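Produce the entire structure from the sequences given, and follow the hints as far as they go.
Every letter in the sequence shown is one number past the one before it in the working numbering, and letter 10, counting from 1, is 15.
Think of the hints as simulated: they come from the structure by calculation, not from any bench. Please read these numbers as outputs of a predicted model, since none were measured by experiment. Hints are not guaranteed to be accurate.
Stated by the list, open to error - Capping the alpha-carbon separation at 27 Å, the derived lysine-lysine pairs in DSS-like fashion look like this:
1. K203 <-> K112
2. K223 <-> K187
3. K208 <-> K112
4. K186 <-> K223
5. K208 <-> K167
6. K167 <-> K203
7. K203 <-> K111
8. K187 <-> K111
9. K112 <-> K167
10. K167 <-> K111
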Amino acid sequence: MSSARIEVKAITIFSDQFLIQLKKHKKFKLNLPLRPIKILILLILLFPLNVQALDFRLGLGVGLRRINDSYLRQVYGNGFIYIPHVQVGFTRYFSAELAYEGGYQKKAPIGLYLEPSTLRISGWEISGQLHYPLRIISPYLKIGSGLYFYRQDIDSPYVRHKVNHHHLSFQAASGCQIFFKKNFSWQAEIKYVFLRVKPYEIKVDLGGIRYILALGFKF
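So this is what it looks like as structure tokens:
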């Protein structure tokens with residue numbers, strides 16, 4: 006058996022065992038099909054087997070996010086987010102990205118007695134990107150998974166209400182990179198996060214669209 010086939014088999018076994026252990030872990034409630042996650046892991050791990058040089062980029066994005074749930078949007082509103090990310094390019098047409106989305110934290114009175122409350126949402130994301138390079142611009146499509154954390158605190162004089170959970174879900178985006186200078190680029194992106202959670206008996210849609218503008222630097 007060739008060394009390449011051995012590496013592919015080892016990576017496949019690793020991805021299977023990783024997903025099995027993740028599904029068994031009590032802290033993670035996976036109600037999602039695992040096959041798309043496995044395919045993404047395999048793509049990210051297999052692409053380096055046939056490339057000689059990797060392309061590393063660091064970036065920082067800022068933007069606005071929308072909350073789909075109408076009641077929470079009315080109480081807290083849409084908000085500002087920041088997204089630092091690292092991107093590894095395996096070929097001209099494919100790259101992988103690891104990103105952190107933070108910044109959304111809103112305070113507002115809530116409920117019949119207008120009690121003080123705070124809502125925070127953040128998340129770690131891993132994605133695969135397909136690029137179509139055209140001279141100084143490069144449109145792209147992106148799809149991936151994210152581990153999102155959401156916390157709501159209501160400071161009630163009667164009963165203190167607190168939600169502090171996390172949820173694994175999917176996100177997809179499209180955008181365009183514009184290259185300037187030698188190693189710098191601007192990036193405009195529209196991203197949608199699927200995030201329907203059920204902290205108690207009622208489902209809440211914390212997902213929504215994001216509008217992001219980022220600056221990137223290539224090593």
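Taking each numbered hint in turn, which are not upheld by the structure, reported in ascending numerical order? 8
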